[in-house]
Amino acid sequence: MTATVTISKEWIPRIAAFCCNWCSYAGADLAGTSRIQYPSAVRIIRVNCTGRVDPEFVLNALDKGADGVLVSGCHPGDCHYTSGNLKMRARWTLLQMAVEQAGINPDRIRLQWASASEGQKFADGVRELTEKVKNLGPFRRGWQ
Amino acid sequence: MSTEEPRIGVFVCHCGLNIAGVVECKKVADFAATLPDVAYSVDLLFACSDDGQEHIKEAIHEHNLNRVIVASCTPRTHEPVFRQCLEEAGLNPYLYDQVNLREHVSWVHMDEKEKATQKALELVAMSVERAKRLEPLERQIVDVIPKCAVIGAGVAGISAALDLADAGFETYLIEKRPTIGGQMALLDKVFPQNDCAICILGPIMSRVGRHPRITLLPYSELETVNGHVGNFRLTVRKKTRYIHPDICNGCTDCEQVCPVSTPNSYEFWLTDRKAVYRPFPQAVPSSYTIDKKGIPACRFSCPAHVNCQGFSTLIKEKRFSEALDIVRNAIPFAGVLGRVCTSPCEAKCERGAFDESLSIRNLHRFLADYEREHGATKVEKIKKDKKEKIAVVGAGPAGIACAYDLAKLGYPVTVFEAREESGGLLRWGIPEYRLPRDVLREEISRVEGLGVKILTGKPVKSIASLRNRGFKAVFLATGAPVSTKLGVEGEDAKGVFHALDFLNQVNSGESVDLGKKVAIIGGGNAAVDSARVAKRLGARTVTLIYRRSRVEMPAIPSEIEEAEKEGVNLMLLATPIGFIMSDGVLESIRCIKMRLGEPDASGRRRPIPIPESEFEVRVDNVIIAVGQMVSPTSILKGLEVTQWDTLSVDPITLQTSLKGVFAGGDVVSGPTTVVEAVAAGIEAAKSIDRYVRGVDLSEGRPEILRLVPSAEVDKTRAEIAERAVMPTINAKLRKSNFAEVETGLALKTAVAEAERCFNCALCSECNLCIEVCKPNAIDHSLVDEFVELDVGTIILATGFKPYDPSETREFGYGAFKNVITNAQLERLTNAAGPTHGKVKRPSDGMPPKSVAFVQCVGSRDRRVNQDYCCYTGCENSLKQATQIKEKYPNTEISIFAMDIRTHGLGYEGLYRRAREMGVIIIKGRPSEIEEIPGTRSLKVLAEDLYTGERLGTTYELVVLASALLPNDDTKDLARKLNISTGEYGYLMEAHPKLRPVDSFRDGVFLAGACLGPMDIPKAVAYGKAAAAGAQSLMAPGKFQVEPIYAEIDTTLCNDCDLCNDLCPYSAITGEGDERKVMYEICQGCGTCAAACPQMAIDMRHYRSEQLMPQIAAAARIHGGMKK
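Quick mapping for you: the protein sequence lines, in order, are chains A and B.
Counting in the numbering used here, the first sequence runs without a single skipped number right up to 153 at its last residue.
Counting in the numbering used here, the second sequence runs without a single skipped number right up to 2420 at its last residue.
Calculated from the structure, these hints are not laboratory results.
Built from N, CA and C at the ideal position, the CB exists for glycine as well.
Misleading hints may appear alongside valid ones.
Claimed, not checked - Only pairs whose alpha carbons sit at most 27 Å apart, straight line, appear in this in silico DSSO-like list of lysine-lysine: (1) B:Lys2236 with B:Lys2135; (2) A:Lys73 with B:Lys1412; (3) B:Lys2012 with B:Lys1758; (4) B:Lys2146 with B:Lys2012; (5) A:Lys73 with B:Lys1324; (6) B:Lys1755 with B:Lys1769; (7) B:Lys1410 with A:Lys143; (8) A:Lys141 with B:Lys1410; (9) B:Lys1590 with B:Lys1473; (10) A:Lys141 with A:Lys73; (11) B:Lys2098 with B:Lys2114; (12) A:Lys141 with B:Lys1412; (13) B:Lys2236 with B:Lys2146; (14) B:Lys1645 with A:Lys143; (15) B:Lys2114 with B:Lys2032; (16) B:Lys2315 with B:Lys2268; (17) B:Lys1814 with B:Lys2032; (18) B:Lys1769 with B:Lys1956.
Stated by the list, open to error - Pairwise CB distance ranges, derived in the manner of DEER restraints: (19) A:Asp72 with B:Lys2373: 30 to 36 Å; (20) A:Asp72 with B:Arg2222: 55 to 61 Å; (21) A:Asp72 with B:Glu1351: 41 to 47 Å; (22) A:Asp72 with B:Leu1434: 26 to 32 Å; (23) B:Ile1438 with A:Asp72: 37 to 43 Å.
Please build the complete structure, drawing on both the sequences and the hints.
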């Protein structure tokens, strides 16, 4: 399905990232204040908690043309809301299966934990997902 | 959602060059203007400046804007600023969205300007999609309770509490340790003025204690936190001191007699303290505290809960009669169980996980032996203050134990024994070489001495007959005195014995004829006993046949060893399948070999026969020892039994199917150990007492004991020591007589063995302190209390801990005696410390003539993720160096440092003073320290980085300036409060510059060294700042909370209740049309909204219809960049 797409040098993957306000968004801020450089592919959407991330948000992003989706939250046990991240983790397994069933390589989606003090970890996660998605090439729905 | 057409204003901030240096802000603003619904867009130099904000306000009016987007820095700091700006312009503050161009674009894509600008365009486009769908929201106002809880009573917490209380707010000061004062209270002098620490801290400590608006909760820990800003509910565990603090007068009498010593953390392990202690003389409050962690593993695992640690501790102190009293408090059989117990305590002994378990059984046998040797005290008859007569049937271990406890409670007890002598299987089953009869008789006669009547040769026909004779309650302990049959052909042949019959005959003094070759079937204690008895009766070869392997043998391991010494052969993994006879006389046994399969219900591996492996063993006699059964005597008639013919009783109360009739021991459990029978007797006595008094039998039972977890037992400073060996008589001398084999521990051995005890629970409940406490302040039955506090704000000031290099053995610390930490030196220079202020070398107690300080031990160290400066180490070493120089001017002092950091006012003066006093500062971190044998002085190997010279100077004392670390429970505390910790484990402030004492959670403030290393003035400043922060919430008494919470559309809801399951705050209430989210409780995480299968729940300000277009915009292509 990607056979007709030519990957030019300019191609930058588009990655939608859901960051919880208390850990990963702050972690991304810290990456900024620490001037840690990472690929510009990522577009951060702030939510209060990864527990807010409806699987539909992830599927919607892929449906609308994102090449990868990142969900980044507090470490298990450190959730500002006690357990929202655990709920996300529970959904994630199903989400991965759903994505795979839909014919999408599950490597395009990534769940990670990065605390407010882990700017480097956040940046590393972005870099890793970007590399993976780059190798997979642009994502196109079959009917497009 | 707002009905009017959206008119969005976009303001792109340059932030000087922070953004504009990378992103083309003008281009972003121009692009924004092209987006639908954007009515105005502009780029500004500093959007947050007065000018910038004025510009935004004017634009709102001029262009009739109803939505505002500022593309600048992180909303985590500036969102409130711009919301305020909107409010001032008359717009609802929630019609605002912020794009993070600085932290998320310009600072992270500094080398990709074109891509950065492109990303900025797209982020603005995403924001526009969201902004047009925003709706006005009204903030909720909550009342703030004008009370504050300060957690941690070090100098920061004390300062915060005093400021709050002085300002008129009720303040709770919660401290984990028994005293307030924190680390500062342990210091001698404080730099740079070298003031006396306790002299300046002491007055404010006592002011805290006296302040009318401060409630001090020392020795208390935070358990849970509920609620939200303005209305937190804290549950605090007030740990019991086992001493009434208001009665204790601090006289030290208890400390003098306490036999338990443990390394003193308040002296940084330089000395020991007692289990009852006061951290230091100036402690506030001044009450003593008993450090009792719970029930040690030995006592916990003992079925009769004998206080093993208690008597071991007293043996150590050579207080043998008090020690024996402790054993006898629990059981009547110190000497008997000291010989025959299977000692489950030793299996669980914490020492066992270190080297070898303590020889607990032999220690209490020693106590009984010592008393026999030195003359026992006369037993005093207990006054029978109860009228109700109790009957005990069976004078075995269970019956005697029950009678013993009942007699102690003042009941008249009669024990009926069918045989001619009491003792049960102790008398008729266990051979004399293991349990001399006089030991048994003496211990039973002590029970009689208490007033228990034992009638031997008096079988009881029926329970009714006892009732008729006026007995109010009955305890049945008739045992399981019949051997189980093997069920193998030829079992009734001549020459085949069953173990209990065999042992009974021998123990009754009847003669038993055995041939030369004897085989025993079984692996339990009865089997081993039979084997050793057979050997003593003259059998030439005795073979013990057991179907599993040696580790599965249930007999006491030392008994098996002794049997082997006496010449008993073990034939393992074999079982008999038939007895071969000739003329009705046993000739040989037919056996089959076994292998071990999967573990069965008992946890032991199941033996499986190996096909075609049969073999024969020629024997003259066989003794079958494969189990015991209850004999169906008349007294048991009418009582419910189990499928194994044992009595069926309530597992907790031991009551049988007949009211007032209790049973225990082997008659209930089948054959088990003596100590379990004794435990059953003890439990039955409790039940009988309750029954007679008419109290509920099962209420509060079984008693819940807190086992001291293995992890809480400090083994770091223990040294390997061998377990005491029980002396035995020579195996050759044992033939043909029944003299006791084990001769008992010598006094010296017993004391040395007791010293191996780890004191797992610390306080061992030896109760010596109770006797000496004149005001009767001690009560070992006190329990922890829980108090609930409702407060509006919380301040955390839980401090730090000094790094203990003993784990890493850095620079030989822990191995070389004369390498100490600066915290330890602080105690040595302190007049209240172990040396009363004299600096002495730990190895020989002499004042050192030369001292080296090594800086940055554990600090600025990437290897252990402690890559930060301890902030206080340099000044502290300079201070300590000058202190030593003042007292001993001729001492040679060198400080080895990477750099000396003396920041701020006053510290440079200290540096100069030290230099002037002759302190040498060497730039360079030592590579290694070597101990000189003999003198135990230390050679410090280092390179002087200024001269390049290699140094190898010898010093008499080395002081490590060790790092400061976050306290152990910081992480746990952060989780309880839902706040964050940073990279190094310290608590994290909301903003490192502008909000240094705020946490991420509204209403929770941070102060002192829980935030990172601090010196005292800084910690005090933070404490006062946190108090000011808390006051700024409490003084107005109102707080506006974010109107971001979940809403339920009940027309869509199908009442699946999933939301209720997921909500961490239980904020969802009602059913059907009544179902709603309680907004004052909802924290706005949105987990319910994401999970609702009906899409009936939505989050205000994070609605799906607001997020979905933003997501779509993030995924779509904008600005002409080709994909």
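Okay, the hints, checked on the actual structure:
1. B:Lys2236 with B:Lys2135: At roughly 23 Å apart (the allowed maximum being 27 Å), Lys2135 of chain B and Lys2236 of chain B satisfy the hint.
2. A:Lys73 with B:Lys1412: The given pair, whose Cα atoms are some 21 Å apart, holds under the 27 Å limit.
3. B:Lys2012 with B:Lys1758: violated (57 Å)
4. B:Lys2146 with B:Lys2012: It is violated: about 34 Å lies between the C-alpha atoms, which goes past 27 Å.
5. A:Lys73 with B:Lys1324: holds (26 Å)
6. B:Lys1755 with B:Lys1769: With a Cα-Cα distance of about 19 Å, the restraint between Lys1755 of chain B and Lys1769 of chain B holds, given a limit of 27 Å.
7. B:Lys1410 with A:Lys143: holds (21 Å)
8. A:Lys141 with B:Lys1410: holds (24 Å)
9. B:Lys1590 with B:Lys1473: holds (15 Å)
10. A:Lys141 with A:Lys73: The hint holds at about 20 Å.
11. B:Lys2098 with B:Lys2114: holds (22 Å)
12. A:Lys141 with B:Lys1412: holds (20 Å)
13. B:Lys2236 with B:Lys2146: holds (14 Å)
14. B:Lys1645 with A:Lys143: Violated - the C-alpha atoms of Lys143 of chain A and Lys1645 of chain B are around 58 Å apart, more than 27 Å.
15. B:Lys2114 with B:Lys2032: violated (54 Å)
16. B:Lys2315 with B:Lys2268: Holds, because 23 Å separates the two Cα atoms, which is no more than 27 Å.
17. B:Lys1814 with B:Lys2032: holds (16 Å)
18. B:Lys1769 with B:Lys1956: Roughly 10 Å between the alpha carbons, so the hint for Lys1769 of chain B and Lys1956 of chain B holds.
19. A:Asp72 with B:Lys2373: 30 to 36 Å: holds (33 Å)
20. A:Asp72 with B:Arg2222: 55 to 61 Å: With a Cβ separation near 59 Å, Asp72 of chain A and Arg2222 of chain B satisfy 55 to 61 Å, so the hint holds.
21. A:Asp72 with B:Glu1351: 41 to 47 Å: Taking Cβ atoms as reference, Asp72 of chain A and Glu1351 of chain B lie about 43 Å apart, which means the hint holds.
22. A:Asp72 with B:Leu1434: 26 to 32 Å: Holds, since Asp72 of chain A and Leu1434 of chain B (Cβ atoms, about 30 Å apart) stay within the stated range.
23. B:Ile1438 with A:Asp72: 37 to 43 Å: Holds, since Ile1438 of chain B and Asp72 of chain A (Cβ atoms, about 41 Å apart) stay within the stated range.
Against the hints set out earlier in the document, violations occur for numbers 3, 4, 14, 15.
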